[in-house]
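Asker: This is what each chain is made of:
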Amino acid sequence: MQTEGITLMDTLEIAGRRFNSRLMVGTGKFSSNMAMQAAMEASGSEIVTVALRRVDINNPADSMLQYIDTDRYLLLPNTSGARDAEEAVRLARLARAAGCEPWIKLEVTPDPYYLLPDPVETLKAAEILVKEGFNVLPYMPADPVLARHLEEAGTVTLMPLGAPIGTNRGLRTRDLINIIIEQANVPVVVDAGLGAPSHASEAMEMGADAVLVNTALADTANPAAMGEAFKLGVQAGRLAYLAGLGPQRGTAQASSPLTGFLREE
Amino acid sequence: MNFQLNGQSHQTVAGTTIGSLLAELQLQPERVVLELNQVILNANEYREQQLKEGDKLEIIQFVGGG
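From first to last, the protein sequence lines stand for chains W and H.
In case it helps, my numbering puts the first sequence at residues 1 to 265.
In case it helps, my numbering puts the second sequence at residues 1 to 66.
It should be emphasised that the hints constitute simulated quantities derived from the structure, not laboratory data.
There may be inaccurate statements among the hints.
Incomplete in silico selection of chain H near chain W, CB under 7 Å [stated by the list, open to error]:
#1 Ile-40
#2 Ile-59
#3 Gln-61
In silico EDC-like cross-links for lysine to aspartate or glutamate, where the CA-CA straight-line distance does not exceed 20 Å [claimed, not checked]:
#4 H:Lys-56 / W:Glu-86
#5 H:Lys-52 / H:Glu-24
#6 H:Lys-52 / H:Glu-35
#7 H:Lys-56 / W:Asp-56
#8 W:Lys-29 / W:Asp-10
#9 H:Lys-56 / W:Glu-87
#10 W:Lys-124 / W:Glu-151
#11 H:Lys-56 / H:Glu-45
#12 W:Lys-231 / W:Glu-13
These figures come from a predicted structure and were not determined experimentally.
Ideal Cβ placement from N, Cα and C applies to all residues, glycine included.
Here chain H stands alone, though its shape is the one from the complex (with noise of 0.2 Å):
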């Protein structure tokens, strides 16, 4: 299945969720921030959540910057 992550086409499996998806990335769910087809993602919602063909998920944290 094909999704759009950060603005570049990726592959995972059918059924995939959200947490699964940042476990298999190791990226803690509490350091970043996540859009879905440009909606924010309630931190304790998306978990289970499945990705679908075609999505759009932005995974987004802190940067230094001024």
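Okay, chain W solo, but in the shape it has when bound (with noise of 0.2 Å):
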């Protein structure tokens, strides 16, 4: 799409790589995997996330790589259930041997009511597998003093929330996220409580880079709608930001003439 020189096909670079699409999708809680692939597809996505657990040995389900065309979406895989730096590098690990690309999502919450990631364990656990080569997308606090300190770590995105995952509250984190954005030197993707697409939009629209979402499409009675609405929330966003928005006054500003009333002057 072309709209007066802006263009949305500018592309999104994470790790020397280039994607066209600025919407990640999470593949967990779905009514199925059928909607989990309707999903995926409507919402245009070129990476999808997954989590690593224990097979159910009396009661074994289908492996979630069956249902994802790993060809055509770089594949995420997660730490989720990680409570400290150890068990999210174990988990990484895992996810490496397990055939994937070296890029993790990390994410380290020890806190099962709040799901929030804990600053300390998530850096540490940033610099060992940084090390080890991995390309190492950081769920965060939104915090922009740890933003600087996993960047120097050498963390090829900042993924700071909007509010805690699940929650479908938005960004409450607004302000701080514009000073991570503000400073950041590596994209910055708004993970975790993102409910609605005009959330999406609003995240865009301040300069993040992307947007991560998982429950607001599995949450619904048609994941396919919101996957699409997602997409184009993140498209007018993106658009938005390109083109500037307009500043905001205290006053109103006429739009229309300030002559030629029809009245007696």
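Two independent chains are provided; combine them into the complex using the hints.
Answerer: Here it is as structure tokens:
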């Protein structure tokens, strides 16, 4: 799409790899694998996240890999379930041993109630995994100081949360994400808490490089429609960012001419 | 012979190889990743490896996640 010289085809570059889509999707909690595939397809996403878990020996389910075309999507395994750096590093190594490219969405969430990322353990794990050659995409609190530390450690993105995972509450951390975007030298991907296309659009309007959603797509009667809605929301927000939003003002500024009124002066 | 499989006690006959265990459990080797006593196993090498009393084997796969 070409709009007055601004192209939506501007690409997202992470670790030297280019992506046309700025929407990443998670594959958890869908009612069926067919619903998940439909949402992925409609979203236009090129990066999808998966988790690693023990096989249920008594009732082995199909591997998620059967349902994801890895020629088409970059598989981004996460370290969900890790409570400290050691567990996260173990999961990342297992993902690589399973044949994945060395890309890892680093998640360290010791608290099961809010699932907030542990800044200390996340940084510790990032330092180890970067040294082991992983492209590390860290899920992180929206903390601009931590963002700098992670970037110094060599992470290839920053993934601050908008709100706790699965809450659909939108950009509750907006002002801090703004500072992270202003300071970052790597792509900023807003992850977690985005529940509506307008939330995704808002993040993109602010200058986020991408967003990641899962619950918003899985938690609806029509995941495919919601996938497309998020795709459009992300595109709208990106285009608005590239166009440049007008300044906010405290008083009215007429849009129509202030001359030629049908009245006596 | 007793060993730990995915955190639970599991019985098998002595001399069972990891390859035959996977077959018994009807798991496709290319869809799982294995860790024996906290060491990740190389997919090309573990099939003939025999399990020992007290081993801790983890069989892990990809599931949906965000």
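Asker: Could you tell me which of the numbered hints above are not met by this structure, giving the numbers in increasing order?
Answerer: 8
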